[in-house]
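Line order of the protein sequences matches chains S and X. 14 is the number of the first residue of the first sequence in the working numbering; add one for each residue after it. 17 is the number of the first residue of the second sequence in the working numbering; add one for each residue after it.
Derived from the structure by calculation, the hints contain no laboratory data. Treat each hint with caution, since some may be false.
Computed footprint of chain S on chain X, listed as stretches where at least three residues anywhere in the stretch have a Cβ under 8 Å from a Cβ of chain S [stated by the list, open to error]:
1) 71-79
2) 179-185
3) 239-250
4) 327-334
Here a beta-carbon is modelled for each residue, glycine too, at the ideal position from N, C-alpha and C.
What follows is each chain in one-letter form.
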Amino acid sequence: MKLGKLALSTAATAVVLSSLLTSPHALAQAKEQFFPVLVYRTGAYAPNGTPWANGYVDYLKLVNARGGINGVKISFEECETAYATDRGVECYERLKGKHGGATVFQPLSTGVTFALTEKAPVDKIPLITAGYGRSESQNGAVFTWNFPLLGTYWVGADVAIQHIAKKLGGVANLKGKKIALVYHDSPYGKEPIAVLQELGKTYGFEVQLLPVAHPGVEQKATWLQIRQQKPDYVLLWGWGVMNSTSLREAQATGYPREKMIGIWWAGAEPDVKDVAEGAKGYSALTLQHGAEPNSKVVKDVLELVHAKGQGTGPKDEVGQVLYMRGLLSAMLGVEGVRKAQERYGKGKVMTGEQVRWGLENLNLDQKTLDAMGFAGVMRPVQTSCLDHMGSSWVRVHTWNGSKWEFSSDWYQADEKVLRPMVMLASSKYADEKKLKPRTPEECKK
Amino acid sequence: MLYRENGQFKTSYAADQQIFPIAQDRWAIVGILVFAFIGVPLLVDEYLFRAILIPFLILSLAALGVNILVGFCGQITLGAGAFMAVGAYAAYNFHIRVDGIPLLVSFLLGGLTSAAVGIFFGIPSLRVRGLYLAVATLAAQFFTDWVFLRVPWFTDNASSGSVSVSNLQVLAWQIDAPVDKYLFCLAFLVVFALLAKNMTRSAIGRQWMAIRDMDVAAEVIGIRPLFAKLSAFAVSSFFVGTAGALWGFIHLASWEPAAFSVDRSFQLLFMVIIGGLGSIMGSFFGAAFIVILPIALNQFLPALGGLFGVTISTAGISHAELIIFGALIIFFLIKEPHGIARLWSTGKEKLRLWPFPH
Numbered sequence: 014m015k016l017g018k019l020a021l022s023t024a025a026t027a028v029v030l031s032s033l034l035t036s037p038h039a040l041a042q043a044k045e046q047f048f049p050v051l052v053y054r055t056g057a058y059a060p061n062g063t064p065w066a067n068g069y070v071d072y073l074k075l076v077n078a079r080g081g082i083n084g085v086k087i088s089f090e091e092c093e094t095a096y097a098t099d100r101g102v103e104c105y106e107r108l109k110g111k112h113g114g115a116t117v118f119q120p121l122s123t124g125v126t127f128a129l130t131e132k133a134p135v136d137k138i139p140l141i142t143a144g145y146g147r148s149e150s151q152n153g154a155v156f157t158w159n160f161p162l163l164g165t166y167w168v169g170a171d172v173a174i175q176h177i178a179k180k181l182g183g184v185a186n187l188k189g190k191k192i193a194l195v196y197h198d199s200p201y202g203k204e205p206i207a208v209l210q211e212l213g214k215t216y217g218f219e220v221q222l223l224p225v226a227h228p229g230v231e232q233k234a235t236w237l238q239i240r241q242q243k244p245d246y247v248l249l250w251g252w253g254v255m256n257s258t259s260l261r262e263a264q265a266t267g268y269p270r271e272k273m274i275g276i277w278w279a280g281a282e283p284d285v286k287d288v289a290e291g292a293k294g295y296s297a298l299t300l301q302h303g304a305e306p307n308s309k310v311v312k313d314v315l316e317l318v319h320a321k322g323q324g325t326g327p328k329d330e331v332g333q334v335l336y337m338r339g340l341l342s343a344m345l346g347v348e349g350v351r352k353a354q355e356r357y358g359k360g361k362v363m364t365g366e367q368v369r370w371g372l373e374n375l376n377l378d379q380k381t382l383d384a385m386g387f388a389g390v391m392r393p394v395q396t397s398c399l400d401h402m403g404s405s406w407v408r409v410h411t412w413n414g415s416k417w418e419f420s421s422d423w424y425q426a427d428e429k430v431l432r433p434m435v436m437l438a439s440s441k442y443a444d445e446k447k448l449k450p451r452t453p454e455e456c457k458k
Numbered sequence: 017m018l019y020r021e022n023g024q025f026k027t028s029y030a031a032d033q034q035i036f037p038i039a040q041d042r043w044a045i046v047g048i049l050v051f052a053f054i055g056v057p058l059l060v061d062e063y064l065f066r067a068i069l070i071p072f073l074i075l076s077l078a079a080l081g082v083n084i085l086v087g088f089c090g091q092i093t094l095g096a097g098a099f100m101a102v103g104a105y106a107a108y109n110f111h112i113r114v115d116g117i118p119l120l121v122s123f124l125l126g127g128l129t130s131a132a133v134g135i136f137f138g139i140p141s142l143r144v145r146g147l148y149l150a151v152a153t154l155a156a157q158f159f160t161d162w163v164f165l166r167v168p169w170f171t172d173n174a175s176s177g178s179v180s181v182s183n184l185q186v187l188a189w190q191i192d193a194p195v196d197k198y199l200f201c202l203a204f205l206v207v208f209a210l211l212a213k214n215m216t217r218s219a220i221g222r223q224w225m226a227i228r229d230m231d232v233a234a235e236v237i238g239i240r241p242l243f244a245k246l247s248a249f250a251v252s253s254f255f256v257g258t259a260g261a262l263w264g265f266i267h268l269a270s271w272e273p274a275a276f277s278v279d280r281s282f283q284l285l286f287m288v289i290i291g292g293l294g295s296i297m298g299s300f301f302g303a304a305f306i307v308i309l310p311i312a313l314n315q316f317l318p319a320l321g322g323l324f325g326v327t328i329s330t331a332g333i334s335h336a337e338l339i340i341f342g343a344l345i346i347f348f349l350i351k352e353p354h355g356i357a358r359l360w361s362t363g364k365e366k367l368r369l370w371p372f373p374h
């Protein structure tokens, strides 16, 4: 009884204390640029979420070690979403007002992106979704606050088909082929369907849709279908444990891994390393970069962050594919701030609205990239008010049993196909929300 | 001392049968309502509204619905998430397909659709009960998951399967700001809670409870199991469906079927078990416990660590949150198997005898 009472009163005090300790501190000490970090280090997608988060945070630390953004130091705070939309929204609400206001949000989840797309315009905080999110949000006239920098799933789908066409020896040979899409049954996995079907109509190939339920460990039925119907190629649109399961099932069913092409979220070390030899020959698109352990920026991170004992994750994972993706995402956010400072005052803390201008006028040429240590990692990127994607260059890398190696030239998404679709989808969105798209004149402000 | 009913005499049946027979309770509830409608909007910031209060209100409403079915009628359901989904998607389809339909009407139609689906999936309850029924209702969960993922008509052919709503208004009231959303949900909850309370005190509620306590005996004294069970399914699904519409429209504004997954069903069932089966009050306690505690823990642990100069990693906090939360559930279930509502009423009994409770 005593123990029970003690436990009860402890629980009660804990609740009271927590409400006291966590009451929002409205300390508007806006001396540091605050980067909220939405991560998932737990849950079914943790193996993929963790390296991304480590890269993201390490880059912020690197910027601070290099002296900040024109002298403005970066502060950051992590919040765990576990890849759940409601927790992601809670994290967003928790962090958006802290430390003088959030600079930019990068949720690393298409579900959370959809939810935040409705909230960001109200709070005036830009949303960077590098390589994921809503494909039509490329149109900055309608999606004022979304930045799907470097590529969207529609870009991915288009390039995947280009790559297959090249392997087959030309688009004419696509006719009559069967291409299966094994996808995560969520907004993320469904994004490419529209483009694939459109391209299928144009080139005369058949698209088979094979959804896999969250979290993706049960795929026997899916691969049975693949064995029966023998598609010529399989596109893998998975995330987390789903990817390695797919590769294992492909091995078990004897589907050639050389005929499997993954999206850039299905092309990192955690996806293949447990299958190792079994995944040999499997290719995946890259969001420009692959594993880059030899790039200068990685060496800087090791030297300025990890050597001082401030590294975020294991040292040997620095430079891996998803780590680089996190690092690159953080870099894009930081460069947005730097660009904004050029206009609104160097050495000052930027607001979300100012950072949006910076992201809209981002222009990272080869010289800048080289200076930052990104030579060979990515190509130049330039955004504008109407184009929030900036660049759609993709190359393919292949797992050789122990590491990822580039196996193709650069591809660029076909604007002739994608642009009309982006315009159509975004104007539908604008109609639904009764938004007035921005005109080029408004952009100049 | 303060909580004593000496001298409060009931002179009519109405006075004897009112919801709160003790004057202090009536004043307390009036005080709470006034505070909730006027005090909270003045005091609370946006984060509390959006991240805690609105989800709490909506899930309380859903828990009320589940409690009617599980707590009052004794029919275990694992399909609550499914009925929320039906409510949300039905309301969405009425909202976009019928021009100029008032928001409230589309919510209620969503609830009614959910009630119809609830009756359909409640039919097995006439033959099976207990765990077997739970499995049968699980079918509802998987069925709706499948329907809303696979049939594009329900999601208005959205390419990603995610739907969104905006520009909500009731009459001339634009429901945009968090405080408006809060008041809207609160109004819904107050009306529905009153409905539920009165229903459980009336003939139909007594029928449900008779079925729950022993269905054969209930049948012998002339209660029709068909009507009692299916009406419980209908009313429960109506509540849950309306809560689902609120969850989609007001809380999320953009949602996918994963928002109403089987996890949600379990969450709602745990709410009523922890809060107290067969208690209206318990639904609120359970919702508060499940919604607020994890978030509070998640914020409290780093702050606690900070006091002692320890930084806990994000993953560490998340794991600790789950461990403590699980431990607390077990603790409450051992300490008071009838739920937090029973603890509450025991506390009230003791207060009446204060300062010498026994």
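Now the hints, each set against the structure:
1. 71-79: Violated - the segment 71-79 of chain X has 1 residues with a Cβ nearer than 8 Å to chain S, which falls short of three.
2. 179-185: holds (count 3)
3. 239-250: Since three or more residues must qualify, the claim that chain S covers the segment 239-250 of chain X is violated, with 0 doing so at under 8 Å.
4. 327-334: holds (count 5)
Hint violations for this structure: numbers 1 and 3, all remaining hints satisfied.
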